[in-house]
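Protein chains: 2
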Amino acid sequence: MALVSSGIVNTIGFDADDTLWHTEILYTRAQDRFKELLRHYHSPEWIEERLYQTEIANLPHFGYGIKAFALNMIETAIALTEGQIAGQELQAVVNLAREMLAADVQLLEHAVETVAQLATEYDLMLITKGDLYEQESKVARSGLAHHFRHVEVVTDKTRDRYQQLLARHQIEPAQFLMVGNSIRSDVLPVLALGGCAVYIPYHLTWAHEVAAPPPAGHPGYYQLEHLGLLPDLLRTMKP
Amino acid sequence: MALVSSGIVNTIGFDADDTLWHTEILYTRAQDRFKELLRHYHSPEWIEERLYQTEIANLPHFGYGIKAFALNMIETAIALTEGQIAGQELQAVVNLAREMLAADVQLLEHAVETVAQLATEYDLMLITKGDLYEQESKVARSGLAHHFRHVEVVTDKTRDRYQQLLARHQIEPAQFLMVGNSIRSDVLPVLALGGCAVYIPYHLTWAHEVAAPPPAGHPGYYQLEHLGLLPDLLRTMKP
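Same order as they appear, the protein sequences are chains A and B.
Position one of the first sequence corresponds to residue 1049 (our numbering), numbered consecutively onward.
Position one of the second sequence corresponds to residue 1049 (our numbering), numbered consecutively onward.
Just so you know, these hints were derived from the structure itself, not from any lab.
Please note that a few of the clues may not be correct.
Unchecked claim - Example chain A residues on the side facing chain B (calculated, C-beta under 10 Å, incomplete):
no.	residue
1	Thr1129
2	Ala1167
3	Asp1171
4	Leu1180
5	Ala1215
6	Gln1218
Stated by the list, open to error - Calculated from the model, a selection of chain B residues having no Cβ within reach of chain A, i.e. all distances over 12 Å:
no.	residue
7	Ala1134
8	Val1141
9	Pro1249
10	Pro1279
All C-beta atoms, glycine included, are put in the ideal place defined by N, C-alpha and C.
Throw the hints in and build the complete structure from the sequences for me.
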């Protein structure tokens, strides 16, 4: 890790969904109920496959988040029933979206104490992709907001976006470490900038976020089993 | 205006929707097509009334933007037809949303030259409420992005939110002037902070945004007929 750790990390970026709090599980459960709703029409596998196709096709139009997901479910249900599905059944989908939006924020294990502890030593930034309204609401309800110096909701997590964010807050990439559950969004773009990245896998990953991890031993790249191990890792990185 | 103009304005905030580009017209047109879709069930007035009720009830759940609007139309259509509406007809509503999202950004008259001219003398900020994904896409397609030093998409435009934004960018309220078409979102909160505000009415206003203007002669408050008059007003404000 010689190349990167010449800078001393002073700012830690945290992804939020499935890094600090559970999110994908909400989608998985909603999808289960969606498959149940359409069980008289198609097999669960085919419904899942078609929903995923709709999501990918609509991503450039609808972006991320629960409202987009709801519209994708509605469109998929109409297509899969050749327009035969009744309004009443589609209301169940709208209700599903409202329930998801109102669901309690379920923090991951170790999130509270890790964030609280690191906030005393580092500047913390929350960097999350998705719908502004949803994410702000979750940040507010998480009880963690006061530990973060900055909260940034973004529409994508590309190398350029990270560069822009770090520049805005006058943070050197070499002094920045990103923590998240997506190789594609939290790890690769930050390593490409010369920052550090800690990958903490979550047991569910949306197919669209799946990417190959960097080669073992890549400078600045770490993998941990859970958030509680982060303070120890940071200690080993100090000069 | 003695109280406020002791600071010299150096930063101008612009609202975007119906201040720089047409937006409400898209909603009005979509609403017309929605009323047409349901014409066999109810009167246009009743459909409009019920849609508005749904929008207000869902605002805390869905927030602003086209995706929220689409879900509101779908829910209203289901309710107004007692669940009888067919999937096929609801697909028309989803399509309407996709068309709205893809619609060309139609700049208001005078927007291009006013923004370009003021950018040479002032720091410009775009401050717009709504869906992050939608707004970023419109900013990018407007051709105006490079004139703005900062683009801020927010979930609300309260006094606290403006205070937070100005603090983040180290702008004194007395040196800040906000331009927009909403008394409620662009004018009152900024005046409350001690900034200046220019109200430029648009011929359509969503009922939820309607508010009484400040009393005539309120310090720092101005009203203009169109954007093209803004540079002249700013010249008169210089000491």
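Status of each hint after checking the structure:
1. About 6 Å separates the beta-carbon of Thr1129 (chain A) from the nearest beta-carbon of chain B, less than 10 Å, and the hint is met.
2. Hint status for Ala1167 (chain A): violated, given a least beta-carbon distance of 19 Å to chain B, over 10 Å.
3. Checking Asp1171 (chain A) against chain B by beta carbon gives a least distance of about 14 Å; that is not within 10 Å, so the hint is violated.
4. Proximity of Leu1180 (chain A) to chain B holds as hinted, the smallest CB-CB distance being about 4 Å (cut-off 10 Å).
5. Residue-level restraint check for Ala1215 (chain A) is violated (minimum Cβ-Cβ distance to chain B is 13 Å; threshold 10 Å).
6. The interface hint given for Gln1218 (chain A) is violated, since its Cβ lies 13 Å from the closest Cβ of chain B, which is over the 10 Å cut-off.
7. A Cβ of chain A approaches the Cβ of Ala1134 (chain B) within 12 Å, the least distance being about 6 Å, so the stated non-interface status is violated.
8. With a least CB separation of 9 Å from chain A, Val1141 (chain B) falls inside the 12 Å interface cut-off, contrary to its annotation.
9. At roughly 27 Å from the closest C-beta of chain A, the C-beta of Pro1249 (chain B) stays outside 12 Å, upholding its exclusion from the interface.
10. Against the 12 Å criterion, Pro1279 (chain B) stays outside the reach of chain A, whose nearest CB is about 29 Å from its own CB.
Violation of the numbered hints given earlier is confined to hints 2, 3, 5, 6, 7 and 8; the remaining hints are satisfied by the structure.
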